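> The whole structure should be built from the sequences, with the hints applied where relevant.
Keeping their order, the protein sequence lines are chains U and L. Under this note's numbering, think of the first position of the first sequence as 143, with each following residue one higher. Under this note's numbering, think of the first position of the second sequence as 1161, with each following residue one higher.
Source of the hints: derived by calculation from the structure; they are not laboratory data. Treat the hints with caution; some may be incorrect.
[To be verified] Pairs of lysine-lysine residues, derived as DSS-like cross-links and limited to a Cα-Cα distance of at most 27 Å, are as follows:
id, chain 1, residue 1, chain 2, residue 2
1, L, Lys1176, U, Lys199
2, L, Lys1233, L, Lys1267
3, L, Lys1230, L, Lys1163
4, L, Lys1230, L, Lys1267
5, U, Lys199, L, Lys1267
6, L, Lys1163, L, Lys1233
All values derive from a computational prediction rather than experimental measurement.
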Amino acid sequence: KAGVTQTPRYLIKTRGQQVTLSCSPISGHRSVSWYQQTPGQGLQFLFEYFSETQRNKGNFPGRFSGRQFSNSRSEMNVSTLELGDSALYLCASSAGTSGSLMEQFFGPGTRLTVL
Amino acid sequence: AQKITQTQPGMFVQEKEAVTLDCTYDTSDPSYGLFWYKQPSSGEMIFLIYQGSYDQQNATEGRYSLNFQKARKSANLVISASQLGDSAMYFCAMREPRGYSTLTFGKGTMLLVSP
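Following this line, the structure appears as structure tokens:
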């Protein structure tokens, strides 16, 4: 069974640009969550999608957005990039339905550098 | 308020020795899940072990075991017979039902295994 895949693995952008990251969950998983990891703030939750609906959102500005498609693949978009957006962006998939406590499986991450 | 606390920024252990990584958590929900993840320098988060709040037995997965003390709200990871490949960052995380699939992570502990 294939794991969680994320593309691209590395990205370099300049301030003011926008970026789109993609995540394909494990086959059969309907929940996709996104996390941002920085040395200063650690791992922070961005948002979670389940069956094409955003059902939870972290404390990030509106420049961060996402969506999920009918095949459960998810994309996140960051507009008007800032230097502080440089981070490792991790996607995680879970089979769990609402309230489930099943484990999440992470992808390899996309390392975004903003110059 | 911080929900997951990992008090050890770094730990050193010799190969073949056992090591305990500390984790304490805070929640008012009776139903929750506790996870440990390993993150090598490549960045991918690798799921190690899971403990449900209602589980009577401590979780074990190969060389990994979770010392779950519910009354003290602690969930320490024990790695037996350390190997050089165990050198990595280790994160404790908690998932609560009302947070859907959201994981709250601790700051992590860097484990270095020496020959």
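> Work down the list of hints and note, for each, if the structure agrees.
So, going through the hints one by one against the coordinates:
{"no.": "1", "hint": "Lys1176/L with Lys199/U", "result": "42 Å, violated"}
{"no.": "2", "hint": "Lys1233/L with Lys1267/L", "result": "17 Å, holds"}
{"no.": "3", "hint": "Lys1230/L with Lys1163/L", "result": "15 Å, holds"}
{"no.": "4", "hint": "Lys1230/L with Lys1267/L", "result": "21 Å, holds"}
{"no.": "5", "hint": "Lys199/U with Lys1267/L", "result": "20 Å, holds"}
{"no.": "6", "hint": "Lys1163/L with Lys1233/L", "result": "11 Å, holds"}
Violated hint: 1 only; the structure is consistent with all others.
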